[in-house]
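In order, the protein sequences belong to chains A and B.
Using my numbering, you'd call the opening residue of the first sequence number 883 and step up by one each time.
Using my numbering, you'd call the opening residue of the second sequence number 6 and step up by one each time.
Think of the hints as simulated: they come from the structure by calculation, not from any bench.
Take the hints with a grain of salt, since some may be wrong.
To be verified - No farther apart than 30 Å at their CA atoms in a straight line, the calculated lysine-lysine pairs in the DSS-like style are these:
| hint | chain 1 | residue 1 | chain 2 | residue 2 |
| --- | --- | --- | --- | --- |
| 1 | A | 1172 | B | 121 |
| 2 | B | 81 | A | 1172 |
| 3 | B | 132 | B | 12 |
| 4 | B | 208 | A | 1174 |
| 5 | B | 84 | A | 1278 |
| 6 | A | 943 | B | 105 |
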Amino acid sequence: MLLIKELKKALGVALWFVFLTFPIMVIKVDPIERIIRYRWENAAYVAIVTFTVYLVMSFIKLRKLRVTADKKESKPSRNVIHSILNNKKQLAVLSFMILAIALVFPHFFSVYQTNVMTTALMYVVLGLGLNIVVGMAGLLDLGFVAFYAVGAYSYALLNYHFGLGFWVVLPIGGALAAIFGIILGFPVLRLRGDYLAIVTLGFGEIIRLILENWGEFSQGPSGISNISRPGFFGMDFSLETSIMYMYYIMVIGVIVTIFIVNRLQDSRLGRAWIALREDEIACQAMGIDKRKTKLAAFSLGAFWAGLIGVVFAAKTTFINPASFTFLESAIILSIVVLGGMGSIIGVIIGAFILILMPEYLRALSEYRMLAFGGVMVAMMVFRPQGMIANIRRTYKFEKQK
Amino acid sequence: MNTQILKVNGLTMDFGGIRALNSLDLDVNRGEIVALIGPNGAGKTTFFNCITGIYAPTEGEVYLAAPGSDTSVSLKGLKPNQVTEKGLARTFQNIRLFAKMTVLENVMIGRHCRTKAFVLGAVFRNKATRDEEQSILETSYAILQKVGLEQYVNEFANNLPYGAQRRLEVARALATEPLLLLLDEPAAGMNPQETIELEKLIKEISSEGQSILLIEHDMTLVMSLSDRIFVMDYGKKIAEGTPVEIRENPAVIKAYLGEDVDA
Ligand SMILES: Nc1ncnc2c1ncn2[C@@H]1O[C@H](COP(=O)(O)OP(=O)(O)OP(=O)(O)O)[C@@H](O)[C@H]1O
Ligand SMILES: [Mg+2]
């Protein structure tokens, strides 16, 4: 019954689309021969495509309805990864294995692969940083790349003008980005959702435009080159060793970031962020200072972007404003959304998929961005909560009395 | 000795042309259960929103007793979180729990304004922070036991049955250690059994010395719980007194049953 009804509807929609697209898809005026051609085959294509798309969509909708109906009683779904995360022993074994693989990786793979992996690790940290702002505190920030740029330019400029080294500038870059986070945070404290997104997007563009146009300060679009690579007690490295060195710096960076972000999430402040995301008014009514909590989220998120900015400048030894476009913000945001908002492990997996996939999809050459987009769309249709939905920590209490 | 815990003078709230509160006076004494009743749209929730800093009232003063002293502090111009810190905690008529947090975490959020740890505490987890975290856990669990929700500790708040969600709102507000607890229609939507349990709970909390200001439509509940009742209609106070006085008050009967009844 239902099927026939849906089929009829799909047919109706298909015919309607054929009718609507008739003037552009079917009729073609040939100005040279001065005749009108009717391309009936196009009408058929439109009909078939619309018909299928409509059916698929209604199928998904029906399935979703059924799933939510089932879910009413069941507990939050937990998959394999969740069960591993909850089992201390398994988690320890797994992290040890991953760490071991990470440590020997550059010795078994080419310099090129190591370099790609370093980039992926950088995006893990960027994703975890943005995850604080978007995933935990629920503040949609589309200008995250601005803080990345602040970090990168801090190192480039301090290195260029004063010859400061990587390790000195690393904390400075992070701190400067955190300060910028607060500066951006103040005016947008009252904004939420779409409005917040638009203003942060604007902020990101402003920073990029300043870098592009304020030539005396940033050397404009031509950028800054010959930035020093990170040193190691004054030793000089060959290009190959220095790529490896960069890789190990990022491995340690990722470990430290996971450690800190995990602690933040599981703290009084982390709970306040999540409460803020869930319901701003109730959150304030429970005594949480909205300003302080939001500013903390903005500045801590920006801090990681700043650190990675410094790393980026040191890794590429050349930066210009073109590296800090909106596309970059969009990629980092996709990592968070695809991985699972607020879920640390999700963001890590998301970063690897989003950064490594286009790299290894090169075989598909010009279709790779298309494939990439397709995967993203499919993901959002089938798992809108991201790959690994965040689960909350559980507590056990002894039965008292 | 000043026994008043809340004192509201001439509270007025205008929304554009609508006067939702019209020069309202109200007070609550230490240890009392006071009910605020009135027909739908009378302005009861607006009253809560005004004294808790969610709306800025057009006119009027709100004083809350300072803990452990005879003086009182003005709540005027304070932000909602500052009001909560001063000792006024509320529940919401349309439940506003943190849906994607566990029941325990919802209550732990209530402890926020009584604890301190921030970024450095979270990252370094020093002794003070660990102790604080432990005390948050223990207090929150004890409160859950008190309201009878301990079997749900690790459930997501939005998976709870309706009645339990209302109790969780109460638990969360209690966790802020309020001087005065504001309950906005805690029995709304509850079945008779749940309402009886809620009544028991409110009596128990009250017997421990908690002052309570309650908005409620269930008259049996109001009559059996309250020491005093304030009645309002169209933003104005139309009566105040003990349950017996209110039951017989002609103005109240008129407001509730309509004009033509007393003819
Ligand atoms: N933010 C607002 N903007 C404009 N008008 C409002 C606003 N909040 C409340 N009002 C108006 O104020 C009046 C009182 O509303 P309020 O919610 O306080 O009533 P109530 O006594 O709590 O009613 P109920 O018993 O239905 O909960 C209503 O007429 C309502 O439309
Ligand atoms: Mg109301």
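Hints versus structure:
1. A:1172 to B:121: holds, 15 Å
2. B:81 to A:1172: The given pair, whose Cα atoms are some 19 Å apart, holds under the 30 Å limit.
3. B:132 to B:12: Not OK: residue 132 (chain B) and residue 12 (chain B) at ~41 Å, beyond 30 Å, violated.
4. B:208 to A:1174: Measuring from Cα to Cα gives roughly 37 Å; hence the hint is violated.
5. B:84 to A:1278: Violated, at about 35 Å.
6. A:943 to B:105: With a Cα-Cα distance of about 23 Å, the restraint between residue 943 (chain A) and residue 105 (chain B) holds, given a limit of 30 Å.
In this structure, the earlier hints numbered 3, 4 and 5 are contradicted, and the remaining ones agree with it.
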